[in-house]
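A.B. asks: Below, each chain spelled out in residue letters.
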Amino acid sequence: MMDRVIELLDVWKAYDGVQALRGLNLEVYKGEIFGLLGPNGAGKTTTIKIIVGLLKMDRGSVRVNNFDIFEEPYGYKKFIGYVPESVSLPDYLTLEEFLIYSGKIRGVPNEQIRERMNHYINLFELTDKRRALILSLSRGMRQKIAIAAALIHDPDILILDEPFIGIDPAGQHMIKEIFNERVKDGKTIFISTHMLDTAERLCNRVAIIHNGQNVASGDLKNLQQLSEVGENATLEEVFLKLTEEAKEPIIEETAERKRRGFLGLIGRKI
Amino acid sequence: MSSNIILDIYKLKIKVFFGSFRASKTSLALLAIYALGFLPSVFGFSLMITSAVKQENANIDLYVENLAAVISGFISVILLLALRGCTAYEYEQSLIFTSPVTPRKFLFASLFADLTESLPFTHPIFVLFGATVYSLGIEPPSTLMMFFLIIFFIFMLLFLKISLSILNSLYKRLWLKAMMLVFVILSLLPALAGFSTGFPLRYSLLPHPSTFLSRFLINIVYSKSSQLMDIIGLLSYFIFSLALFMFVSGKNFFQHVTYIPFVSPFDTSMRVQTLKMERTIKTFSRTGMVFTLNIESKSLLGFLMKKEMLRMLRDGSLFSVAFFYIIMTVVMSFTSISGRQGAEVPIYAFFIFFISTYSLIVPLMLVSNWRFSEFENIWIPLTSCLDPRLISKALLYDFMLIASLVPAVVVLILSVIFSISPLLPLVLISSTSIVGSSTNLYLMIKFFGKKRRSTPSFLIGWASMLLSGLLLIPTYVLTILSTYLKLNDAINAFISIPLLIYSIFIMRYFLKKTGENIINIEV
Ligand SMILES: Nc1ncnc2c1ncn2[C@@H]1O[C@H](COP(=O)(O)OP(=O)(O)O)[C@@H](O)[C@H]1O
Ligand SMILES: [Mg+2]
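Taken in order, these protein sequences are the chains called Z and R. For the first sequence, my numbering assigns the number 1 to the initial residue and increments by one for each residue that follows. For the second sequence, my numbering assigns the number 1 to the initial residue and increments by one for each residue that follows.
Hints are computed from structural coordinates only; laboratory data are not their basis. Being a predicted model, the structure only gives us computed values, none of them experimental. Backbone N, C-alpha and C fix where the C-beta goes; we use that ideal spot for every residue, glycine too. Certain hints may be false.
Said to hold, decoys possible - Covered by chain Z, according to a simulated footprint, are these stretches of chain R (three or more residues, beta-carbon under 8 Å): (1) 295-301; (2) 304-316; (3) 403-416.
As the list claims (entries may be wrong) - Straight-line distance between alpha carbons at most 30 Å, and here's what the computed DSBU-like set of lysine-lysine pairs gives: (4) Z/184 - Z/30; (5) R/512 - Z/78; (6) Z/176 - Z/129; (7) Z/56 - R/298; (8) R/446 - R/486; (9) R/513 - R/306; (10) R/251 - R/393; (11) Z/30 - Z/56; (12) R/393 - R/513; (13) R/513 - R/15; (14) R/512 - Z/129; (15) R/105 - R/54; (16) Z/56 - R/512; (17) R/512 - R/298; (18) R/11 - R/105; (19) Z/176 - Z/221; (20) Z/78 - R/224; (21) Z/78 - Z/56; (22) Z/129 - R/11; (23) Z/78 - R/446; (24) R/393 - R/298; (25) R/393 - Z/78; (26) Z/78 - Z/129; (27) Z/176 - Z/30; (28) R/306 - R/393; (29) R/105 - R/298; (30) R/393 - Z/56; (31) Z/56 - R/446; (32) R/512 - R/306; (33) Z/78 - R/306; (34) Z/78 - Z/30; (35) R/224 - R/172; (36) Z/176 - Z/241; (37) Z/78 - R/11; (38) R/105 - R/251; (39) Z/221 - Z/241.
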């Protein structure tokens, strides 16, 4: 396919005692809507936090737009917009002030900040909330504001951790529209989700991770073949089959390598 | 059976309260530092009391007044707390109030839990008591007597606090609140007599519980026999509060409780702090909306500084600093007035003393507030291409600015009123705010680190105060020397220069260290 915009190679991460990622490999290509799937605790949030620079990995390498994020920890972030799993915003700022702040810290020129701010405020129908403190806004509105802030510098890659939680159907629809628009312009969308039906309809390509490892990746067709569940199987069936097979936690690296040989699935690139 | 339930609830409350100590050993170590940090001042205080008592022509009546004023201070705090009405933690609602536990059993458990929980904060009182009794050589029977008297009084206060807050919640009557406020004012007014001999109201003239207790204690100290009046007075207050407690605890007040999120000073959960912050933002943002964050800014550093200023305005940080100094001005004025009567209290020394302690606390207030309102939002700059070192720089500059400008204004005003030279106090303030802000910010960001995050922030605060205190020793030594030797301003100005250079050197060192740590924050 095309250029890789995100590439994770053998990434390991442990929280004191808990091994969250165990040699994760991942590739995201330019211009796609990529879905990171996995059951709770699979390591989706950890993966995303490492990519956006909120966590340091223990081992491995991550490249974003061909920048090694370990060697150049700030510069690459101008290509990234990020919306976390649970959004927390500065309550003491107004909606407008917050978007200005988000633009300023990313070095966006004032003119463009104003232009994009107005664009997203109109798009999300938040015009009457412009000068309201974020404190007074609802959860869904905050989520929208966070998305607007993540787009204020028009990043190449938009990364969202479970973006559809707490957003009404109309809002979800609008967000999907934005995704499609951006992909048309050659931008990349990276979402993590456990809502498989959404992923099935929205994503061009997905990766299923389990216990901190890439169990399988590709489009739906690839995954169906890979998991041998038949052509008419849904993503859900594929998902259940693959995560079931990889259920036993891997205790050490050598054991893991044996399993990899045996199953021939784990971490295989398609 | 019933005592078992009380014990269970008590255990639960204590476990929740002290929970964070099980998570972090650092917390325990810091708690020890905190507890020990009190000791020097406690012993100093005890020495003061001892020497006052042993004076040849001790004015016993005056001592009774002073002690009564202190005790009244405690009573007022208790009453003011009761004005809020009855509050309970959210976990108590879901665990206890939905179970068949009766209000009375819950209240008894709460009473003992309150006592236990206050120990880490009130222990200096007991240390002070022990040290004073020892150095005065008071006989064991009298000591025991005094000890039980104090305990007895503490129970009375707790009975009152619990009953009055429940009454407030149950009946929500304005006259009840008004009566409590009147009592608070009555409790504090006679304290003014300490500042002016002409003031007519005195504790000894009032049938006030603090008068009874104070006279009782001081009579024991001077081995005088106690007056029947005091015993009867105290006993009747105690019986009254106990009766009130028994009456109120028979009521079912569970529906009238206001729920507050659990806030233990040892609790490190940011959710709690954020909730508290939300309330203050609601209050202060109204005034803060006069200023807005403008898109036009010459430099990014300037913009970030403006944004933090705005935060401090809207989350109440600025207000609390200003309020802090207003209190200081009031205290200063009182002490200096009474100082003029006593004729031997040097105003200048008092001034220096207050300024130095206050300006040590202000950076801590600013940095803690930043952590409370910004911890959850730190992901925003950290995921942008901004070098995070710029954030620590903007923060530090803002903190130093506020921590020195606000007191500088106060110092200038006071120096005009009392016609004192402002030079040395101003140097002291600048030095303290520079060193204090940089050490506080450094430690706070260092403790952001993943392992240390479970350390309670008030303990980090103590460590920071200790560190800044140590680093400020040169400043203190020079200030004390200058005050003691009555150096003139020309010499003072001369010694200030190396002091300020030293402070800036410390600041630059810690700014660099802070930058190294902010890069490695993981959230
Ligand atoms: N701060 C943390 N401390 C300890 N363990 C954590 C922490 N965050 C996540 N984990 C653990 O790491 C694993 C992966 O978590 P996460 O990346 O949040 O999963 P996901 O987002 O896929 O649900 C889980 O087992 C989780 O319990
Ligand atoms: Mg997650």
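A.B. asks: Next, verify each hint and record whether it holds.
C.D. replies: These are the hints, each one checked on the structure:
1. 295-301: The restraint on the stretch 295-301 of chain R holds, since 4 of its residues have a Cβ under 8 Å from chain Z and three suffice.
2. 304-316: holds (count 6)
3. 403-416: violated (count 0)
4. Z/184 - Z/30: 11 Å, holds
5. R/512 - Z/78: Holds, at about 25 Å.
6. Z/176 - Z/129: 23 Å, holds
7. Z/56 - R/298: Not OK: residue 56 of chain Z and residue 298 of chain R at ~33 Å, beyond 30 Å, violated.
8. R/446 - R/486: Measuring from Cα to Cα gives roughly 41 Å; hence the hint is violated.
9. R/513 - R/306: 23 Å, holds
10. R/251 - R/393: 56 Å, violated
11. Z/30 - Z/56: Holds, because 24 Å separates the two Cα atoms, which is no more than 30 Å.
12. R/393 - R/513: 11 Å, holds
13. R/513 - R/15: Distance ~37 Å between residue 513 of chain R and residue 15 of chain R Cα, so the pair is violated.
14. R/512 - Z/129: Since the Cα atoms of residue 512 of chain R and residue 129 of chain Z sit roughly 40 Å apart, the hinted pair is violated (cutoff 30 Å).
15. R/105 - R/54: The given pair, whose Cα atoms are some 47 Å apart, is violated under the 30 Å limit.
16. Z/56 - R/512: Between residue 56 of chain Z and residue 512 of chain R the Cα gap is close to 21 Å, so the pair holds against 30 Å.
17. R/512 - R/298: 24 Å, holds
18. R/11 - R/105: Roughly 13 Å between the alpha carbons, so the hint for residue 11 of chain R and residue 105 of chain R holds.
19. Z/176 - Z/221: At roughly 22 Å apart (the allowed maximum being 30 Å), residue 221 of chain Z and residue 176 of chain Z satisfy the hint.
20. Z/78 - R/224: Answer violated: residue 78 of chain Z to residue 224 of chain R is near 80 Å, above 30 Å.
21. Z/78 - Z/56: At roughly 18 Å apart (the allowed maximum being 30 Å), residue 56 of chain Z and residue 78 of chain Z satisfy the hint.
22. Z/129 - R/11: 47 Å, violated
23. Z/78 - R/446: With Cα atoms ~26 Å apart, residue 78 of chain Z and residue 446 of chain R stay inside 30 Å; holds.
24. R/393 - R/298: Cα-Cα ~16 Å, so holds.
25. R/393 - Z/78: 21 Å, holds
26. Z/78 - Z/129: 28 Å, holds
27. Z/176 - Z/30: Roughly 18 Å between the alpha carbons, so the hint for residue 176 of chain Z and residue 30 of chain Z holds.
28. R/306 - R/393: 13 Å, holds
29. R/105 - R/298: 64 Å, violated
30. R/393 - Z/56: 23 Å, holds
31. Z/56 - R/446: 16 Å, holds
32. R/512 - R/306: At roughly 22 Å apart (the allowed maximum being 30 Å), residue 306 of chain R and residue 512 of chain R satisfy the hint.
33. Z/78 - R/306: This hinted pair holds, its Cα atoms lying about 23 Å apart.
34. Z/78 - Z/30: Given pair residue 78 of chain Z, residue 30 of chain Z holds - Cα atoms ~16 Å apart, limit 30 Å.
35. R/224 - R/172: Given that 30 Å is the threshold and the Cα spacing comes to 45 Å, the pair is violated.
36. Z/176 - Z/241: Roughly 28 Å between the alpha carbons, so the hint for residue 176 of chain Z and residue 241 of chain Z holds.
37. Z/78 - R/11: Outside the cut-off at roughly 52 Å; violated.
38. R/105 - R/251: Holds. Residue 105 of chain R to residue 251 of chain R sits at ~12 Å (cutoff 30 Å).
39. Z/221 - Z/241: Since the Cα atoms of residue 221 of chain Z and residue 241 of chain Z sit roughly 15 Å apart, the hinted pair holds (cutoff 30 Å).
The structure is inconsistent with the numbered hints 3, 7, 8, 10, 13, 14, 15, 20, 22, 29, 35 and 37, although it conforms to all the rest.
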